[in-house]
Amino acid sequence: MKSYEHIEQFFTRRNQPYSNLQDFYVFYVGDDHPGLPSPFIRRNYYKISLILEGEVRITYADRTITVKDKAILFSNPMIPYSWERVSDKLRYYFCLFTDSFLYNLAASTVFNIRGDHVLLPDEATAEKLTFIFEMMIKEQEGHYQQKNDVIRHYIQLLHHEAVKITPPTTWQPHNSANRITTLFLELLAKQCAITTVHEQVQLKTAAAFATQLSVHVNYLNRAVKSVTGKTTTQVIADHLLKEAKTLLRATSWSIGEIAYCLGFGHPSNFTVFFRKMSGQNPHDFRGTNQ
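Residue 85 in UniProt numbering sits at position 85 of the sequence shown; the count goes up by one each step and never skips.
No wet-lab data here; the hints were simulated from the structure.
Certain hints may be false.
What the hints assert, rightly or not - Taking lysine-lysine and the DSS-like style, the derived pairs with C-alpha atoms no more than 27 Å apart in a straight line are: (1) K70 to K128; (2) K276 to K190; (3) K138 to K128.
Given the sequences, and given the hints that come with them, work out the whole structure.
Right, here's the structure in full:
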């Protein structure tokens, strides 16, 4: 498995020219484009897509979402996914950019690991978002010396318009319990982003995470429970299952190698865990999802 798809690999896959002098790209895709499917993998870049017309299918490790017509989608380097065109007719905008182009995106509700990554704008909001994408395209094609600063401003506008339509129940950090839960979830996501068979999950218990975060385990447990509604152990198990599904779907690694990477002492222990959590054994899941 490739560790991540880099921006240059994205352009190679689409048979398009690539310039390594940029950290930002924006496009409009119309009906005449063949719409190649994207592989199930992590990317090392951020992507915002505005679907105007048509149907696409986005597959994450734990769910598949079919989007019809108006939608705005956010992807980040921590979450693997695949993208597949469903309808013959499809019109959309999208932009790609690196972390170095725009900092501190991980904290955003539309980019973080617990955020809403697929949002459904109404007609008026879709028109605003379309206008912003058109302005980014115009700016990208221009010669203004500080156009990157202008484009950063437009990305921030996209972000704020998306936050406005984010469901009010979406969790947002605003107190100490949410802040420590944010740190816990980010640490959990980072250690589960496995890219080689030589990597292994090191933190597997609430106590281990608490030590790493320099808090008492009881405080961490209370914070995570109050924010997520689940115990710390349950959240860890859910994330291990999600990463297991990612590795089973996207790699040819053996069950034993995946078990090792996820911190299980023996493949049979991993199989028991996977069956208990998902209702399938790893071999069956791989057979129906590759």
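Comparing the hints with the structure gives:
1. K70 to K128: holds, 12 Å
2. K276 to K190: Holds. K276 to K190 sits at ~24 Å (cutoff 27 Å).
3. K138 to K128: With a Cα-Cα distance of about 15 Å, the restraint between K138 and K128 holds, given a limit of 27 Å.
Every hint, counting from the list given before, is met by this structure.
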